[in-house]
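J.: Listed below, chain by chain, are the residues.
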Amino acid sequence: MSDSIISVKDLKTYFYLSTGIVKAVDGVSFTLSKGETMGIVGESGSGKSVTASSIMRLIQKPIGKIVNGEIIFEGKDILKMKNKELLDLRGKDISMIFQDPMTSLDPVYKIGQQIIEVIKVHQNVSKEKAKKIAIEALEMVGIPEAESRMNAYPHEFSGGMRQRVMIAMAIVCNPKLIIADEPTTALDVTVQAQVLDLLKDLQKKMGTSILIITHNLGVIWDMCDTVMVMYAGKTVEYAKTATLYEQPLHPYTWGLLDSMPKLSQDTEKPLKAIKGTPPDLKLTGNACNFHNRCPYAQEICKNKAPELIEIEEGHFAACHFQTKDKKLKRKEEV
Amino acid sequence: MEKSVLKVNNLSKIFKVKSNKLFDKPKMLKAVNDVSFEVLEGETLGVIGESGCGKSTLGRCIIQLLQTSSGEVLYNDAKINDLNSSELKKIRKDIQIIFQDPYSSLDPRKTVGAIIEEPMIIHNIGKHEDRKNKVIELLKEVGLDTFHVNRYPHEFSGGQRQRINVARALALNPKVIVCDEPVSALDVSVQAQVLNLLKDLQKKFNLTYVFISHDLSVVKYISDRIAIMYLGKIVEIGDAKNIYKEPKHPYTKALFSAIPPESPFENKQKLVLEGDVPSPLNLPSGCPLSTRCPNYMEKCSKTVPELKDIGDNHQVACFLYK
Numbered sequence: 002m003s004d005s006i007i008s009v010k011d012l013k014t015y016f017y018l019s020t021g022i023v024k025a026v027d028g029v030s031f032t033l034s035k036g037e038t039m040g041i042v043g044e045s046g047s048g049k050s051v052t053a054s055s056i057m058r059l060i061q062k063p064i065g066k067i068v069n070g071e072i073i074f075e076g077k078d079i080l081k082m083k084n085k086e087l088l089d090l091r092g093k094d095i096s097m098i099f100q101d102p103m104t105s106l107d108p109v110y111k112i113g114q115q116i117i118e119v120i121k122v123h124q125n126v127s128k129e130k131a132k133k134i135a136i137e138a139l140e141m142v143g144i145p146e147a148e149s150r151m152n153a154y155p156h157e158f159s160g161g162m163r164q165r166v167m168i169a170m171a172i173v174c175n176p177k178l179i180i181a182d183e184p185t186t187a188l189d190v191t192v193q194a195q196v197l198d199l200l201k202d203l204q205k206k207m208g209t210s211i212l213i214i215t216h217n218l219g220v221i222w223d224m225c226d227t228v229m230v231m232y233a234g235k236t237v238e239y240a241k242t243a244t245l246y247e248q249p250l251h252p253y254t255w256g257l258l259d260s261m262p263k264l265s266q267d268t269e270k271p272l273k274a275i276k277g278t279p280p281d282l283k284l285t286g287n288a289c290n291f292h293n294r295c296p297y298a299q300e301i302c303k304n305k306a307p308e309l310i311e312i313e314e315g316h317f318a319a320c321h322f323q324t325k326d327k328k329l330k331r332k333e334e335v
Numbered sequence: 112m113e114k115s116v117l118k119v120n121n122l123s124k125i126f127k128v129k130s131n132k133l134f135d136k137p138k139m140l141k142a143v144n145d146v147s148f149e150v151l152e153g154e155t156l157g158v159i160g161e162s163g164c165g166k167s168t169l170g171r172c173i174i175q176l177l178q179t180s181s182g183e184v185l186y187n188d189a190k191i192n193d194l195n196s197s198e199l200k201k202i203r204k205d206i207q208i209i210f211q212d213p214y215s216s217l218d219p220r221k222t223v224g225a226i227i228e229e230p231m232i233i234h235n236i237g238k239h240e241d242r243k244n245k246v247i248e249l250l251k252e253v254g255l256d257t258f259h260v261n262r263y264p265h266e267f268s269g270g271q272r273q274r275i276n277v278a279r280a281l282a283l284n285p286k287v288i289v290c291d292e293p294v295s296a297l298d299v300s301v302q303a304q305v306l307n308l309l310k311d312l313q314k315k316f317n318l319t320y321v322f323i324s325h326d327l328s329v330v331k332y333i334s335d336r337i338a339i340m341y342l343g344k345i346v347e348i349g350d351a352k353n354i355y356k357e358p359k360h361p362y363t364k365a366l367f368s369a370i371p372p373e374s375p376f377e378n379k380q381k382l383v384l385e386g387d388v389p390s391p392l393n394l395p396s397g398c399p400l401s402t403r404c405p406n407y408m409e410k411c412s413k414t415v416p417e418l419k420d421i422g423d424n425h426q427v428a429c430f431l432y433k
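Here the protein sequences come in this chain order: A and B.
Position 58 of the first sequence, counted from 1, bears residue number 59 in the numbering used here, the numbering being contiguous throughout.
Position 268 of the second sequence, counted from 1, bears residue number 379 in the numbering used here, the numbering being contiguous throughout.
Just so you know, the hints here were simulated from the structure itself, not pulled from any lab data.
These figures come from a predicted structure and were not determined experimentally.
Among the hints, a few may not be true.
[Said to hold, decoys possible] Here are the simulated DSBU-like pairs of lysine-lysine, each with C-alpha atoms no more than 30 angstroms apart in a straight line:
#1 K177(A) x K352(B)
#2 K314(B) x K276(A)
#3 K310(B) x K332(A)
#4 K315(B) x K273(A)
#5 K364(B) x K205(A)
#6 K276(A) x K352(B)
#7 K263(A) x K314(B)
One chain only, chain B, in its complex shape (with noise of 0.2 angstroms):
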């Protein structure tokens, strides 16, 4: 039996957003609502949804970027959402997060190799010495050559500094990653380059990912499960290959039947949804599907459907399944 390493039970994100009248009383934009999943050790969870759906800030709940409104998130099943900022630094060494831009998520005015030892400084790893040969190590580890340690980030192409990002998370040894969006904000040949490089690296340091995207196919092609994310809530999870092959959620339906085709003789089936996604300032009751969803029953509007196990490590949140 595969050891689940992360696991969040019922985790809520609430923002509170000013309201545009003066002295009302701020919104609460609930932008994830009552989630949880379990990651097992050494495999993907891809996370998909559409902007605004909740993912990213899942993900910064998940490292605890975000505190957390209510809910928690479990390593190893010790608690980590409540912890001090000593006890978080601990946990800190073992989850760490690649970030979508890989402009803006490096320091302009720090060298790639002060980037990849500063983990290290801060947790206080090694002798100086040490520390530099593992900043040779990693390099080469992501596919960078080793004179590439005294340049500043700014003589690097996006797909070279989203390597520099990778070869940082992986500076401290972690063992779960949570990689937000971290190719699209690249080109596709180097984006396939990056993917390869993600996927060497988990086998080869056994490491968990938690892939945060929105490309349909990206997901696909690294996860091992997927879930699918839609107003803040988990609507479908399960094995990659059974989501792929039958998509059992209307809202999972939709959403891969806009995927553009694969070819030009493609002649594929759409199934759009009416309408836009609505602000989760003031969510749908019940499913949030339901004011736009083509099998609209009356108590989808009522009563907000649960994640329930429709056998082979399945789970859906409608109505239609039993």
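Extracted from the complex, chain A is given alone in its bound form (with noise of 0.2 angstroms):
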């Protein structure tokens, strides 16, 4: 596709440790196109934090290392990129919005001081003008007396202004790609509701696309176009969200639409919870990495990782028994 921003190909980062070799991404695919919201969802330890900072090339090393595959980003594989070029394209091109807000901003520096020290680093502009910029964006996230709040130290704003600021530090530089790793996940509801609102009032602005990572399905419903499921490193499922929604075709989407507790549920029903715990990493492999936990497992399952094919169009979906021709019934009651 020719309007894509950036295209992951059978990304495999792992862990090399002392007790053994993590698959933290084992086999991960996606295209995100222009100006459009991506969601990665998931539960802890699937490899989504680790696959954004694959993208950053943010992987510690010599512990971690990127076995293979390709991260296409406008025609370049950033993978390939030396030093120098990668030191321009994050901050600039390709911004990150952490998960939590404190840890990220230094706490002995004033917020303006950290903002103008990323647009120094990427424009070639006066420390007047860098202000200038730094102020526009606190006002764009919707801080209130920006410039007064220029030499506020972080610890003098609450979350959800913490948070702000780091969105303004991503959008400084009009980056392409914002990736936000889990924006809202240490905010309260009704500030996680502001939060995903100022993303997308920005997005329509400046046009930015946004692969956002989270392991909430109501942010991914709110926010994304499309939609990834990763489970264990792998890929499981990848989709528009509302096919995803009405067709998904993987056993542990399945499974995880179903656990989640919903408004609209009758409570007298039990929640259908997924058995079992992920498996350990350092394990997978040669096996589909659902198998000990999937209801419908089979014999197949145990000894073959199923691939990553596309079943109807643009929905993609790692399972023996979703294909083209073969196809799984979901039953009601699991």
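Two chains, two frames, a set of hints: combine them into the complex.
T.: See the structure below:
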């Protein structure tokens, strides 16, 4: 596709620990189109954050290593870039919003200084101009009295305000892609709603693409055009958001959708929980990672890892029993 | 008529916070501010609120982990907040707590068996043999295997640890369990398992829960009645079904409208409150929501609205309802 902003193919990031190799990301592929929002959803340890860090090449060496795959950003492979190119890329073309706004801002610098630093690194502008851009960015994210707040330290802000500062910092250089790694997980629901609305508004104004990582399906329904479901380091399903909601194909996605308590649901019935716990990522490999929890699992699932295939146009799933000709029937009661 | 097990009357908890200035008087932080409610036998009262609204402090005041500043807590119509430690020990058998973080709430140096047995040793229940049998029984009850008894907490996943926590809380056959965010550290698929377990156990042992959480859908799923807290006060309390169907208080409305949608097709009208929650160190005068409320009237910043019954067991603290 020509209008894709980033496309990831068969990405594998492993961590080499003394106790074994952790396959944190083990075969992830997706494409994000310009101006769209994609969501990555999965449980903790499913490799969502490592995928994001891999795109930014922020994997800690020498423990972690990207062992396979390509990440094409505007025609260039990020994995083949030299350090200098990377420095240009980070913060300017791709910027990242982290989960915890308290630990991702430097507590000993004023927030104005921190934003100006980003501008000075990437744009050849005078100090005054940089300050002006920073104030504009703060106003854009809805911080009142932006000029005087430039001189405040991070601890003087509330969690929601800090996350706004993080967003301001992410947009000062007009990035083409914003990666938001659990941007609202540390926030309360009312503040979460404010921050998500802000991200949507900014996207409308600036046409940025957003990659949003979350474990909250509600955030996905609210924000995303396409969604990728990850489980134990692998893409298990990838589709348009509406398609995924209406016709999910992978048994894990079914379980995930069912185990969310819903407000509209009858509270008398027990929740349909997925049995068991996710596998140890050191032991995954030659099997479907979900086989020990899957109610539909058969012999083949224990011996062979399913490939991610396109089942309908734009709808990918990785399951032995979900192909173009073979279809698995979703049981009502599992 | 159902019996009320736990009753809280005008409970307040004030923390002293050191001032930034040298020699200045300490500031008063009202974490819980004049809260009253009762919990009926066998029901689940959900307590919802955003971080810093005092819901955990309230839970800790109920089980007397924190001393209350004023007001009273009644268990079976007996006051329990000014007992001495030996009297309190008897009450503690009946009121237990499950904490939020399954990682820090289990002693890493004890085996699972020892952890679950400890409350029974403290309260001198049974002989060694009986206690061992009870531990095995509890492990089965919460869905763990009997061979887990000699393992250490680090060998378990978050969901399993929370099961151990539940087993420990059940060891003394309590009547009331305060659950302080028991599932917020867990993933959705595991969260559902623990919620189902809590519900099953409630039916089996006729337990009464005070369920503290910030997750609205979780509270809806587990609770019979719900109390909504804002800045140390209960702003609305009533049957879960009624509140979710028709929230009355402006804060409850805003809170519910902020829940992310349940499907990509849902088009929600969001009611966004302006600004941030004020600091509990200097509470706004009058209604706690008066600085942010879309229905603000003049008297809101002058007098504090009381919780008023508006029928159907539903109480609201707002001047909009009379």
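J.: Hint by hint, note whether the structure agrees.
T.: Here is what the structure says about each hint:
For the suggested pair K177(A) and K352(B), the alpha carbons sit about 45 angstroms apart, so the restraint of at most 30 angstroms is broken. Distance restraint check for K314(B) and K276(A): the Cα-Cα separation of roughly 21 angstroms lies within the 30 angstroms cut-off, and the hinted pair is therefore satisfied. Taken as a hint, the K310(B) and K332(A) pair is honoured in the structure, with Cα atoms around 24 angstroms apart against an allowance of 30 angstroms. For a cut-off of 30 angstroms, the pair hint linking K315(B) to K273(A) stands: about 20 angstroms separates their Cα positions.
Between K364(B) and K205(A), the direct Cα distance comes to roughly 27 angstroms. Compliance with the 30 angstroms bound is thereby established for this hinted pair. Only pairs whose Cα atoms come within 30 angstroms are accepted, and K276(A) paired with K352(B) is accepted, the gap being roughly 29 angstroms. Between K263(A) and K314(B) the CA atoms are separated by roughly 22 angstroms; this keeps the pair inside 30 angstroms, and the hint holds.
Figure legend: structure checked against the earlier numbered hints; the only hint not met is number 1.
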